[in-house]
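Top to bottom, those sequences are chains B and F.
Basically the working numbering = 1-based index in the first sequence + 8.
Basically the working numbering = 1-based index in the second sequence + 8.
Worth flagging that the hints you see were computed from the coordinates, not collected in a lab.
By construction, the Cβ of each residue, glycine as well, lies at the ideal position given by its N, Cα and C atoms.
Among the hints, a few may not be true.
[What the hints assert, rightly or not] Non-contacting residues of chain F with respect to chain B, defined by C-beta distances greater than 10 Å in every case (computed): (1) Asp279; (2) Phe436; (3) Glu445.
[As the list claims (entries may be wrong)] Simulated crosslink set (PhoX-like; lysine-lysine; CA at most 25 Å straight-line): (4) F/Lys207 to F/Lys85; (5) F/Lys85 to F/Lys50; (6) B/Lys540 to B/Lys50; (7) F/Lys270 to B/Lys549; (8) B/Lys249 to B/Lys20; (9) B/Lys223 to B/Lys23; (10) F/Lys85 to F/Lys233; (11) B/Lys23 to B/Lys233; (12) B/Lys270 to F/Lys188; (13) B/Lys188 to B/Lys23; (14) F/Lys265 to F/Lys298; (15) F/Lys549 to F/Lys50; (16) B/Lys410 to B/Lys351; (17) F/Lys223 to F/Lys23; (18) B/Lys188 to F/Lys448; (19) B/Lys188 to F/Lys298; (20) B/Lys420 to F/Lys270; (21) F/Lys188 to B/Lys448.
2 protein chains.
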Amino acid sequence: MINFETTPERYKHWKLTVDGAVATLSMDVQEDATLGEGYKLKLNSYDLGVDIELADAVERLRFEHPEVRAVVITSLKPRIFCAGANIYMLGTSSHSFKVNFCKFTNETRCAIEDASANSGQRYIAALNGTASGGGYELAIACDEIYLVDDGNSAVSLPEVPLLGVLPGTGGLTRLVDKRKVRRDRADVFSTLAEGLKGKRAKEWGLIDDYFPTSKFQESIAARVKSAAESGAQSKDARGIKLHPLQVEASNDGREYKYVSLKINREGRYADLTMRGPESDLPTDVEEIEKLGDAYWPLQAYRELSDALLHLRINELETGLVCLRTEGNIADVLAVDETLAANKDHWLGREIILHMARTLRRLDLTAKSFFALIEPGSCFAGNLLELALSADRTYMLNNPDEKVELATSALNKGALPMSNGLTRLGSRFLAEPGRVDEVLKHNGTFDTEEAEEAGLVTFAPDDLDWDDEIRVAIEERTSLSPDALTGMEASLRFAGPETLDTKIYGRLTAWQNWIFQRPNAVGPQGALTNYGKPTQAQFDFKRT
Amino acid sequence: MINFETTPERYKHWKLTVDGAVATLSMDVQEDATLGEGYKLKLNSYDLGVDIELADAVERLRFEHPEVRAVVITSLKPRIFCAGANIYMLGTSSHSFKVNFCKFTNETRCAIEDASANSGQRYIAALNGTASGGGYELAIACDEIYLVDDGNSAVSLPEVPLLGVLPGTGGLTRLVDKRKVRRDRADVFSTLAEGLKGKRAKEWGLIDDYFPTSKFQESIAARVKSAAESGAQSKDARGIKLHPLQVEASNDGREYKYVSLKINREGRYADLTMRGPESDLPTDVEEIEKLGDAYWPLQAYRELSDALLHLRINELETGLVCLRTEGNIADVLAVDETLAANKDHWLGREIILHMARTLRRLDLTAKSFFALIEPGSCFAGNLLELALSADRTYMLNNPDEKVELATSALNKGALPMSNGLTRLGSRFLAEPGRVDEVLKHNGTFDTEEAEEAGLVTFAPDDLDWDDEIRVAIEERTSLSPDALTGMEASLRFAGPETLDTKIYGRLTAWQNWIFQRPNAVGPQGALTNYGKPTQAQFDFKRT
């Protein structure tokens with residue numbers, strides 16, 4: 009079982025140092041400290057274990073070091089920045105592991121861009137050696153890229169020419185959509201195994217600048233100083249500590265303080281319940297800082313994020329997740345009110361941004377989600393987003409028992425989907441006026457009001473409820489898991505496209521396709537044959 | 009070898025009638041008139057042969073019947089509109105055929121939407137019986153959908169629940185992005201094998217209205233009358249006849265009047281040369297009407313379109329196409345000037361729109377394209393788009409021989425890509441100012457000017473030219489064809505996304521992935537097992 013939690017004290021592959029407004033994340037991958045067996049992490053190549061540490065560091069910098077305004081990513085290995093995802097690891101991994109590995113590394117890179125865009129932490133890639141494949145993709149997720157000019161170091165995306173697969177971590181999309189490299193140059197670069205060195209790499213827009221070895225450190229330092237000084241962060245913000253999550257793991261699921269995950273292995277579905285906040289939570293931001301990561305919205309969503317990652321990687325046969333909530337609507341709304349009032353305070357902002365990332369992680373999870381809204385639930389405000397994220401929503405219609413939904417200020421735009429829209433906006437593309445109607449609705453929605461407003465898919469009465477839910481679960485879990493993944497990816501993100509949706513929707517789908525093809529993974533495939541004396545043999549039929 | 013040319017007199021599956029401003033396209037698929045062997049086209053299901061006729065009819069209506077303002081698509085079979093793509097045909101086809109089949113049917117549906125948006129021909133789907141799968145996807149490509157309410161007829165997308173694949177012709181994208189059906193309802197609809205009948209189908213936005221059997225014909229007639237009266241077309245436009253293309257086909261290629269296609273089978277590449285226009289072409293639109301489909305821009309692009317379809321379906325092992333032109337730049341520019349001056353005349357408009365569709369067909373062809381710009385070439389105006397469509401462009405730099413490029417008014421927006429941008433706009437996303445600079449450039453571009461302007465990738469001199477081109481071709485054709493397809497799909501369409509790019513980029517990629525998966529096409533897969541007494545067996549691991 010893969011564990012997604014770590015702390016800087018336990019990092020094996022990265023060193024995180026913080027000096028005032030500048031953090032440095034140095035990659036120094038330990039060859040033998042692999043997550044799986046049968047490969048060595050040479051030349052700063054990475055596996056999921058390396059990326060779990062990077063993701064942890066990026067997250068931690070926002071909560072523990074809000075004073076940081078520039079983050080330098082560099083390497084402690086001479087002449088090599090990072091060689092990308094380890095090929096032998098990929099070559100020996102199952103299709104589903106490869107796909108989930110790429111999804112996680114994509115989320116880490118999008119989290120870097122999110123930190124830069126929303127938390128004023130500017131990322132600077134200091135390429136003290138060659139950055140190839142995923143190494144260059146890590147660099148291109150940063151705001152600025154500087155390459156050493158030592159006559160040897162280059163940036164490259166050698167996946168197509170060497171491995172017969174795509175750069176799997178957003179590289180192609182970021183080339184033409186983020187850095188807006190001319191498409192013919194992107195074509196040449198992406199088929200050139202050896203990549204490009206400083207001068208031409210800069211000319212083509214692949215890097216921002218290059219410096220000779222003797223001036224590399226001082227040039228980076230000057231750039232970092234300028235970035236740190238121009239950052240928008242408040243200097244006197246003091247961070248909070250992110251403690252390890254307390255979780256009781258068993259064969260049947262995981263029990264956190266606010267999240268309960270129960271796996272029904274025979275039925276191939278899971279019940280995921282989020283418990284709402286206590287009613288006596290502080291509203292003052294200084295008290296919240298003291299509460300730190302025990303504050304409900306942070307702890308509950310950290311637990312949710314961990315549960316989702318666990319489901320993705322460790323519970324492959326679980327095809328459907330039933331989302332439930334338990335608690336008091338007023339208490340959830342009180343938390344949202346506090347957060348909305350403190351959205352300009354660094355901690356309020358970071359908690360909201362973390363909720364938004366976690367909800368996007370849910371949107372991007374290749375499982376079906378049904379939200380089940382029953383008595384005692386609290387799908388309100390931020391938790392209403394769970395219901396709006398679900399592929400379907402069932403709400404009990406029983407005049408004898410109160411079942412309610414409610415909106416809060418957080419449903420108005422603080423928790424955007426990958427497509428840039430709110431979940432209400434995505435839901436009501438055909439009738440945008442409904443979004444305002446829902447947000448202006450007075451008080452809670454009972455079942456009939458929720459159905460009328462278009463917030464739920466079905467509202468069975470208490471006589472039908474058990475049967476209807478049972479049949480819906482059975483039907484869903486009987487369908488082809490592949491067809492469902494493709495269908496959900498197509499239906500969840502209507503409306504505008506962004507860099508994120510292009511990476512997860514378009515690029516990922518092509519990569520998944522190629523990861524299935526004999527030309528990559530067959531006995532004669534390029535990925536399979538990498539590093540072997542035999543050459544890849546292709547079926548040259550173009551598809 | 010599959011032939012993409014046909015005429016209404018030879019249609020086996022469709023009847024096309026035109027009555028004033030109203031055309032009716034009636035589907036009446038002949039079970040035994042299949043393109044391949046081993047299946048029967050029951051229940052108005054279709055194979056590529058059926059769709060080739062539909063594509064021909066849609067195209068012909070624009071050129072031969074510009075007076076038509078409403079096109080009714082309906083069926084001559086009782087109680088059935090169309091059952092979609094034939095499952096047994098799909099089940100027995102190769103992966104590459106399935107993918108190319110879906111691409112062609114997608115282009116046909118996009119052509120329907122193009123006719124509606126740009127030629128004022130409004131498409132009305134009169135569903136006189138059940139429309140399932142590709143049948144409903146054909147309907148949803150129309151502007152309006154009406155369903156008979158006979159207690160039985162429904163619309164449905166049963167691909168996911170019955171076949172373990174996606175609706176392959178844009179259905180999912182059009183559900184949520186064109187008709188903006190609420191995503192939870194789209195989820196329910198797309199997993200419901202039996203689909204939805206009139207009342208709920210209308211409530212959910214899947215159809216526009218439903219009428220009882222007794223009132224169906226008159227209700228459709230009323231709707232069609234209103235559409236025909238409100239159309240924007242000029243009543244007195246008289247069409248021109250589209251004659252069969254004259255082509256000399258051999259094992260080594262195809263020779264048309266203006267297009268020459270030579271297959272280098274050993275090298276796995278093709279040379280495609282377009283010859284420019286004669287210098288004495290008319291500039292008066294009435295003379296052009298008399299010239300009809302022999303007018304260079306129409307004939308040359310019809311030939312190009314046919315050559316591209318041939319390459320896709322019949323020449324699978326050809327991985328790279330070298331694009332060349334031969335002719336006089338001034339003559340090409342003269343044609344563009346005539347077209348631009350007559351863009352508001354129905355024929356000028358249709359010729360330009362046809363060029364645009366053909367160039368998009370090139371963009372969407374899963375082969376690499378290199379444009380080779382040599383002495384005697386005429387990459388100007390509309391033909392410059394060929395160079396801008398290419399993945400790379402090589403232009404000879406030889407002071408002793410004149411090699412030139414030129415722009416025309418048609419490069420300014422008349423020939424948009426699927427992403428809605430001009431090819432110049434897509435090329436210069438990073439420096440949009442360059443588009444204007446290029447368009448305002450005085451006269452032709454010689455090689456150095458073209459390179460300076462960013463219009464070409466490489467400009468080798470005459471000493472290097474032969475070797476550089478040879479090596480580039482050899483390198484390109486040695487790479488994994490799958491990785492190249494995914495790479496090109498990712499690099500060609502930067503910038504905004506549209507319904508079209510979502511369909512070709514995102515949905516197609518997911519479908520291609522699923523078309524590879526054992527859950528669909530393995531011995532126990534749902535597609536393989538459809539109609540057999542055995543049930544599909546799934547590997548339930550979610551990916």
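Evaluated hints:
Non-interface call for F/Asp279 relative to chain B: holds, since the shortest CB-CB distance, roughly 16 Å, exceeds 10 Å. With 10 Å as the threshold on Cβ separation, the claim that F/Phe436 sits away from chain B is violated: the shortest Cβ distance comes to roughly 7 Å. With a closest Cβ-Cβ approach of about 15 Å to chain B, F/Glu445 is found to remain outside the 10 Å limit, as its non-interface label requires. The straight-line distance between the Cα atoms of F/Lys207 and F/Lys85 is roughly 23 Å, inside the 25 Å bound, and the hint therefore holds.
In summary, the hint linking F/Lys85 to F/Lys50 is supported, as the alpha carbons are separated by about 11 Å, within the 25 Å threshold. Restraint check for B/Lys540 and B/Lys50: the C-alpha separation of about 16 Å stays at or below 25 Å, so the hint holds. Proposed proximity of F/Lys270 and B/Lys549 is supported: the alpha carbons are some 18 Å apart, at most 25 Å. Between B/Lys249 and B/Lys20 the alpha-carbon distance is near 20 Å, which keeps this suggested pair within the 25 Å criterion.
Pair hint B/Lys223 plus B/Lys23 holds up; C-alpha atoms about 23 Å apart against a cutoff of 25 Å. A C-alpha spacing of about 24 Å is found between F/Lys85 and F/Lys233, which places the hinted pair at or below 25 Å, so the restraint holds. Taken as a hint, the B/Lys23 and B/Lys233 pair is honoured in the structure, with Cα atoms around 20 Å apart against an allowance of 25 Å. With a C-alpha separation of about 35 Å, the suggested pair B/Lys270 and F/Lys188 falls outside the 25 Å cut-off, and the hint is violated.
Straight-line distance between C-alpha atoms of B/Lys188 and B/Lys23 comes to about 32 Å, which puts the hinted pair past the 25 Å bound. With a C-alpha separation of about 19 Å, the suggested pairing of F/Lys265 with F/Lys298 holds against the 25 Å cut-off. Simply put, F/Lys549 and F/Lys50 have alpha-carbon atoms about 34 Å apart, too far for the 25 Å limit, and the pair is violated. For a cut-off of 25 Å, the pair hint linking B/Lys410 to B/Lys351 is broken: about 32 Å separates their Cα positions.
Between F/Lys223 and F/Lys23, the direct Cα distance comes to roughly 23 Å. Compliance with the 25 Å bound is thereby established for this hinted pair. Between B/Lys188 and F/Lys448 the alpha-carbon distance is near 23 Å, which keeps this suggested pair within the 25 Å criterion. For the hint pairing B/Lys188 with F/Lys298, the CA-to-CA distance comes to about 46 Å; that exceeds 25 Å, so the pair is violated. With a CA separation close to 59 Å, the supplied pair B/Lys420 and F/Lys270 exceeds the 25 Å bound.
The suggested pairing of F/Lys188 with B/Lys448 holds, with an alpha-carbon distance near 23 Å, which does not exceed 25 Å.
Hints 2, 12, 13, 15, 16, 19 and 20 from the list above are not met by this structure, while the remaining hints are.
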